[in-house]
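As you go down the protein sequences, you meet chains E and Z in turn.
For the first sequence, position 271 (counting from the first letter as 1) is numbered 271 according to my numbering, and the numbering increases by one without interruption.
Throughout, my numbering is defined as the position within the second sequence, counted from one, plus 327.
Keep in mind the hints are simulated off the structure, nothing from the lab.
Cβ atoms here follow ideal geometry from the backbone N, Cα and C, with glycine treated the same way.
Careful: at least some of the hints might be erroneous.
[To be verified] In silico DSBU-like cross-links for lysine-lysine, where the CA-CA straight-line distance does not exceed 30 Å:
(1) E:178 <-> Z:505
(2) Z:562 <-> Z:426
(3) E:211 <-> Z:562
(4) E:178 <-> E:235
(5) E:235 <-> Z:426
[Claimed, not checked] To be clear about the criterion: a stretch of chain Z counts as covered by chain E if any three or more of its residues have a C-beta under 8 Å from a C-beta of chain E, and this derived list gives those stretches:
(6) 522-530
(7) 542-552
[Unchecked claim] Pulled from the structure, derived: some chain Z residues nowhere near chain E, Cβ distances all over 10 Å:
(8) 494
(9) 502
(10) 536
Protein chains: 2
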Amino acid sequence: MTILRASLATLLTAVSLAHAQPADPLPSWNEGHAKARIVAFVRAVSEQGGKDFVPPAERIAVFDNDGTLWSEQPAYFQLLFALDRVKALAPKHPEWKEKQPFKAALEGDMKALAASGEKGLLTLVMATHAGTTPGEFRTIVREWLVTARHPRFKRPYTELVYQPMLELLGYLRANGFKTFIVSGGGIEFLRAWSEEAYGIPPEQVVGSSIKTKYVVKNGVPALVRQPAVNFIDDKEGKPVGILQHIGRRPIAAFGNSDGDFQMLEWVTAGPGPRFGLILHHDDAQREYAYDRKSHIGRLARGLDEGPRRGWTIVSMKKDWTQVYPKR
Amino acid sequence: MTILRASLATLLTAVSLAHAQPADPLPSWNEGHAKARIVAFVRAVSEQGGKDFVPPAERIAVFDNDGTLWSEQPAYFQLLFALDRVKALAPKHPEWKEKQPFKAALEGDMKALAASGEKGLLTLVMATHAGTTPGEFRTIVREWLVTARHPRFKRPYTELVYQPMLELLGYLRANGFKTFIVSGGGIEFLRAWSEEAYGIPPEQVVGSSIKTKYVVKNGVPALVRQPAVNFIDDKEGKPVGILQHIGRRPIAAFGNSDGDFQMLEWVTAGPGPRFGLILHHDDAQREYAYDRKSHIGRLARGLDEGPRRGWTIVSMKKDWTQVYPKR
Numbered sequence: 001m002t003i004l005r006a007s008l009a010t011l012l013t014a015v016s017l018a019h020a021q022p023a024d025p026l027p028s029w030n031e032g033h034a035k036a037r038i039v040a041f042v043r044a045v046s047e048q049g050g051k052d053f054v055p056p057a058e059r060i061a062v063f064d065n066d067g068t069l070w071s072e073q074p075a076y077f078q079l080l081f082a083l084d085r086v087k088a089l090a091p092k093h094p095e096w097k098e099k100q101p102f103k104a105a106l107e108g109d110m111k112a113l114a115a116s117g118e119k120g121l122l123t124l125v126m127a128t129h130a131g132t133t134p135g136e137f138r139t140i141v142r143e144w145l146v147t148a149r150h151p152r153f154k155r156p157y158t159e160l161v162y163q164p165m166l167e168l169l170g171y172l173r174a175n176g177f178k179t180f181i182v183s184g185g186g187i188e189f190l191r192a193w194s195e196e197a198y199g200i201p202p203e204q205v206v207g208s209s210i211k212t213k214y215v216v217k218n219g220v221p222a223l224v225r226q227p228a229v230n231f232i233d234d235k236e237g238k239p240v241g242i243l244q245h246i247g248r249r250p251i252a253a254f255g256n257s258d259g260d261f262q263m264l265e266w267v268t269a270g271p272g273p274r275f276g277l278i279l280h281h282d283d284a285q286r287e288y289a290y291d292r293k294s295h296i297g298r299l300a301r302g303l304d305e306g307p308r309r310g311w312t313i314v315s316m317k318k319d320w321t322q323v324y325p326k327r
Numbered sequence: 328m329t330i331l332r333a334s335l336a337t338l339l340t341a342v343s344l345a346h347a348q349p350a351d352p353l354p355s356w357n358e359g360h361a362k363a364r365i366v367a368f369v370r371a372v373s374e375q376g377g378k379d380f381v382p383p384a385e386r387i388a389v390f391d392n393d394g395t396l397w398s399e400q401p402a403y404f405q406l407l408f409a410l411d412r413v414k415a416l417a418p419k420h421p422e423w424k425e426k427q428p429f430k431a432a433l434e435g436d437m438k439a440l441a442a443s444g445e446k447g448l449l450t451l452v453m454a455t456h457a458g459t460t461p462g463e464f465r466t467i468v469r470e471w472l473v474t475a476r477h478p479r480f481k482r483p484y485t486e487l488v489y490q491p492m493l494e495l496l497g498y499l500r501a502n503g504f505k506t507f508i509v510s511g512g513g514i515e516f517l518r519a520w521s522e523e524a525y526g527i528p529p530e531q532v533v534g535s536s537i538k539t540k541y542v543v544k545n546g547v548p549a550l551v552r553q554p555a556v557n558f559i560d561d562k563e564g565k566p567v568g569i570l571q572h573i574g575r576r577p578i579a580a581f582g583n584s585d586g587d588f589q590m591l592e593w594v595t596a597g598p599g600p601r602f603g604l605i606l607h608h609d610d611a612q613r614e615y616a617y618d619r620k621s622h623i624g625r626l627a628r629g630l631d632e633g634p635r636r637g638w639t640i641v642s643m644k645k646d647w648t649q650v651y652p653k654r
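Using the sequences and the hints given, assemble the complete structure.
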């Protein structure tokens, strides 16, 4: 009886301690400057009656995807997807053997492809996916994600999302934030898996897009993807895409490359409390190390100007205890 | 003492009855076919375990605005706004006196203007608002809404929203729906007042738009509205706009004109439970009566094909006990 009572007391103490000290919402972030600034910002804007309080409706946070929420090396994963599609569709397109960027795609010439940039990627996507509906396209993407493996890590691409960023997304949402993806990548490519991977629904995804056309065939209406660029959601296109989709200036922006510069610039120039963060890839051992000279995810201006603009520069190597989710 | 006890018993009975019979969520809708179908649909999709249950994330409802959520006669209210802007800016543009659609605007020639349609309206908006930021533009719209009065009803335009539709928006949201506006009108015009009037935040507004450009002047970044059409969110553009912004097919669509036909067609052609509704303006006394021959909000195909497509046709005259909110 005495033992039982003691156990109960221990249990109650444990429960009460758990209440007094809630679990760390960011366990994969080392204690340090970056984590402290994130927590201070979130507390400041969500503290009712505080001088920096922001109403929940205005707590909008925008995240770049490639290199910010998941890896982007040795090439954008959507580019690797497009390459596989080019190979799958090549028998129907003999002319691709001599035509760029298809030639590079079929030959696996990654340098030529990387140099073609977001526009080159979109050219491949347009050519390989024109004629599909968004639903069909998402199915193709999901099927690819099940079978494809990253060349270095030998894991599915959706396992190469960053554990610390997943925690950050959850932490922001737990504090009343609405989280959006604002990516240079294709909007329908992202929507195929963003809800499952990040908890971000299709209506909170902003991205580059090709045109779609409404057609009615035998009485059945459908939207069909067209081989023409609609919008490039990169660099100065990011604030434009944010306005178009979200319609108000977010209070927090998270990126990793100079393609995110204008987004961070616009977001952090607004009135009231603002937060800008750049993830610096300096961890060749656990992920990749690249910045000023990289074809993919080039980061120079952000490193030069970010600190004096008050942006938080995160070192993957020093600030993260873990990069990818544990298997 | 006995009296007190009896009173208490009465009070408790009243409270318990109130719980047993919750207040009608659609008090401005007459009991009848339309209301019964709305309620049956909402119950079916939100009944956990029911055969027509739809997860909350997929409970997306889209609403046309002009003629569906607020009046659109004697002309689209945004057109009336644009006319006032043309007059205000005319001294700086002497060439407008001879140039359409500005000439018609300055002369108050409503027929010529109505005939110029959505594109004519956008031409006026482009010319009168190029150079402003979205924030500045919304301020101009809000200031106009405070002073402008409807020519017939002598009330501010934001008081000419439909009370039964406000109740419907609230009823859907109380049952887990996310409500979006999908309008041929200008997206920034709508965002200036949609949250206050309808409880629909900027990120849930889809509309026509002009291009915006990101510019940095003296270190201050801004988005500036350009005199060029970006997107026309009308007719076959509505499903395209829905895909772009929302990224999934809604399960319910509400409109009033043939400009909404493709939206209703696409929404109601999807699998599972679907709801399409057309508001028929047949109430010349309390509002307006118009359909097949109207320049504004023309409705012919919807009346002809709607019923056999399973769409609910609402008679403003018979189905609504009240049109506008009471003062």
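Okay, the hints, checked on the actual structure:
no. : hint            : result
1   : E:178 <-> Z:505 : 14 Å, holds
2   : Z:562 <-> Z:426 : 28 Å, holds
3   : E:211 <-> Z:562 : 16 Å, holds
4   : E:178 <-> E:235 : 22 Å, holds
5   : E:235 <-> Z:426 : 38 Å, violated
6   : 522-530         : holds (count 4)
7   : 542-552         : holds (count 4)
8   : 494             : 22 Å, holds
9   : 502             : 18 Å, holds
10  : 536             : 7 Å, violated
Going through the hint list in order, the structure does not satisfy hints 5, 10.
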